[in-house]
Each structure stands twice: as C-alpha cells, then as structure tokens.
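Asks: Model the full structure from these sequences, guided by the hints.
Protein sequences appear in the order of chains Z and P.
Read left to right, the first sequence gives residues 1 to 118 (the numbering used here).
Read left to right, the second sequence gives residues 1001 to 1111 (the numbering used here).
It is worth saying that the hints were derived from the structure and are not from the lab.
Among the hints, erroneous ones may be present.
Claimed, not checked - Think about it this way: if two alpha-carbon atoms lie no more than 27 Å apart in a straight line, the pair counts; the simulated BS3-like pairs of lysine-lysine are:
1. P:K1044 <-> Z:K70
2. P:K1044 <-> Z:K78
3. Z:K110 <-> P:K1057
4. Z:K113 <-> P:K1009
5. Z:K110 <-> Z:K55
6. Z:K110 <-> P:K1044
7. Z:K96 <-> Z:K78
8. Z:K78 <-> Z:K55
9. P:K1057 <-> P:K1014
10. Z:K73 <-> Z:K55
11. P:K1044 <-> Z:K96
12. Z:K110 <-> Z:K78
13. Z:K73 <-> P:K1044
14. Z:K110 <-> P:K1009
15. Z:K70 <-> Z:K55
16. P:K1014 <-> Z:K113
17. Z:K96 <-> P:K1057
To be verified - Simulated DEER-style distance windows between Cβ atoms:
18. P:Q1017 <-> Z:E10: 32 to 40 Å
19. Z:E15 <-> P:N1030: 52 to 60 Å
20. P:G1016 <-> Z:N67: 46 to 54 Å
21. P:I1054 <-> Z:E61: 31 to 39 Å
22. P:Q1022 <-> Z:T20: 36 to 44 Å
23. P:T1109 <-> Z:L84: 26 to 34 Å
Stated by the list, open to error - Heads up, incomplete: computed chain Z residues facing chain P, CB under 7 Å, no partners named:
24. Q44
25. M45
26. K73
27. M89
28. F91
29. L106
30. F108
31. K110
As the structure is a computational prediction, the values presented were derived from the model and not from experiment.
By construction, the Cβ of each residue, glycine as well, lies at the ideal position given by its N, Cα and C atoms.
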Amino acid sequence: AQTVTQSQPEMSVQEAETVTLSCTYDTSESNYYLFWYKQPPSRQMILVIRQEAYKQQNATENRFSVNFQKAAKSFSLKISDSQLGDTAMYFCAFMKQLGGAGSYQLTFGKGTKLSVIP
Amino acid sequence: NAGVTQTPKFRILKIGQSMTLQCTQDMNHNYMYWYRQDPGMGLKLIYYSVGAGITDKGEVPNGYNVSRSTTEDFPLRLELAAPSQTSVYFCASSYLDTEAFFGQGTRLTVV
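Replies: Put into structure tokens, the structure is as follows:
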C-alpha cells in the first residue's frame, strides 16, 4: 500500500516570504503522479500543482514549484512571495493506477496547515 | 461550469438512520470517487467507479454503498448511521489520470 507522509502539521510564513512544505511517499510503483492540493476554510479542494513521475523536470505553476526527488521519494512544495490568500491546509497526494480497470486512486497525506502572517 | 455538485452541504443524522449523499458532475468524466475526511486527517477513499454500472471498494468501504447508473451521478448511501461515520464527505471526478475535481463536501454529524 502507498503511504504519504507530511511531517509538518503546521507552518507559518511572513507575507512576501518563501516557504517550503515537505512530503515523502512510499511506493514500489514506477509510474505514478504526485499532486499538491490546497484546502482553504471554504473546504474546497483546489489543485495547486501536478508532477508526473516519469518527468525529470520539476513542475512550476506561477509562484508554486516543486522539488521532486524520485530516488528519495520526496516531493516538496515551494511557495514564493507568499500571499494572505495562500493561508490553507495543503495536502500532498499520490496517484497510481488501480488494478486492471484503468482507474486511478489518490492517496493523501494528513496535511500541513499553512498560515501567512501579514 | 458547475463541475462536481454535492448535496446536502450539512446534515445531522440520528444513530441508525439512513441517508443518501448525492453527487453529480457535468464534465463527462469516467471516474468518480467518494472520500471521507476526518479531523486532522487527509482524505480516505470509500468507493470509486470507472464508469456507469461499475463500482469498487476503496480503503474504508464498511457501512457504505454506492451505485452508478449514469455517467453523471454517483450517490453514496449510508444504511445504518453510526457515530464513527461523522466526517466530511467529498465526491470527486476525473478523466483518466488527470487531476481530480472535487465537490464542496458534505459535513455529516451522527448523534
């Protein structure tokens, strides 16, 4: 079974500064996908960034970037120029194909609560 | 676009009662999922479906049932509600291995 570990239950960062959220995972799969989801107080799950395991290049999405270390099974999220609207729970998630049916399962970490301080 | 719509947003059930959480998506996605989120935890998969007429168990299926008669709808049924089912429930859909789109969740309390 896959496990996703987020070792930082809570973090805080000053507005305009940079923060890095950690995520490690355990799998025997070679093909998979990794995601960071953001959950603001509204409860909505919002995709922040996605990384395919076969791609060596780290994904970037505006102020959000990842450091994907496949051998170390590490997938950290860097948020640059932090904004008040970045305050939320952040979940790291691992996706793999399920059985032979062609469906995909997302396994989530427990989340990191990020607070951006004015 | 509506995306994934869940109803109701909130519900209080008494122990032993039954209810159905509704989920519908308008993106023509094949894959649909039900997750539960307990306080301080990530999301755990209850059931999933790869298309109309096909469903399968996820990590925590006990106490729940699902059906998928159409591509759009994927209701989750609780037959005999128990306090352990107090949680926030999320429905999601995806197309193959692309991102999953989530509904806004249903907060269920069983008393």
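Asks: With reference to the structure, classify each hint as holding or not holding.
Replies: Tested hints:
no. : hint                          : in the structure
1   : P:K1044 <-> Z:K70             : 24 Å, holds
2   : P:K1044 <-> Z:K78             : 25 Å, holds
3   : Z:K110 <-> P:K1057            : 21 Å, holds
4   : Z:K113 <-> P:K1009            : 23 Å, holds
5   : Z:K110 <-> Z:K55              : 26 Å, holds
6   : Z:K110 <-> P:K1044            : 10 Å, holds
7   : Z:K96 <-> Z:K78               : 23 Å, holds
8   : Z:K78 <-> Z:K55               : 18 Å, holds
9   : P:K1057 <-> P:K1014           : 25 Å, holds
10  : Z:K73 <-> Z:K55               : 14 Å, holds
11  : P:K1044 <-> Z:K96             : 15 Å, holds
12  : Z:K110 <-> Z:K78              : 18 Å, holds
13  : Z:K73 <-> P:K1044             : 21 Å, holds
14  : Z:K110 <-> P:K1009            : 23 Å, holds
15  : Z:K70 <-> Z:K55               : 10 Å, holds
16  : P:K1014 <-> Z:K113            : 32 Å, violated
17  : Z:K96 <-> P:K1057             : 16 Å, holds
18  : P:Q1017 <-> Z:E10: 32 to 40 Å : 36 Å, holds
19  : Z:E15 <-> P:N1030: 52 to 60 Å : 42 Å, violated
20  : P:G1016 <-> Z:N67: 46 to 54 Å : 50 Å, holds
21  : P:I1054 <-> Z:E61: 31 to 39 Å : 33 Å, holds
22  : P:Q1022 <-> Z:T20: 36 to 44 Å : 39 Å, holds
23  : P:T1109 <-> Z:L84: 26 to 34 Å : 31 Å, holds
24  : Q44                           : 6 Å, holds
25  : M45                           : 4 Å, holds
26  : K73                           : 17 Å, violated
27  : M89                           : 9 Å, violated
28  : F91                           : 6 Å, holds
29  : L106                          : 6 Å, holds
30  : F108                          : 3 Å, holds
31  : K110                          : 5 Å, holds
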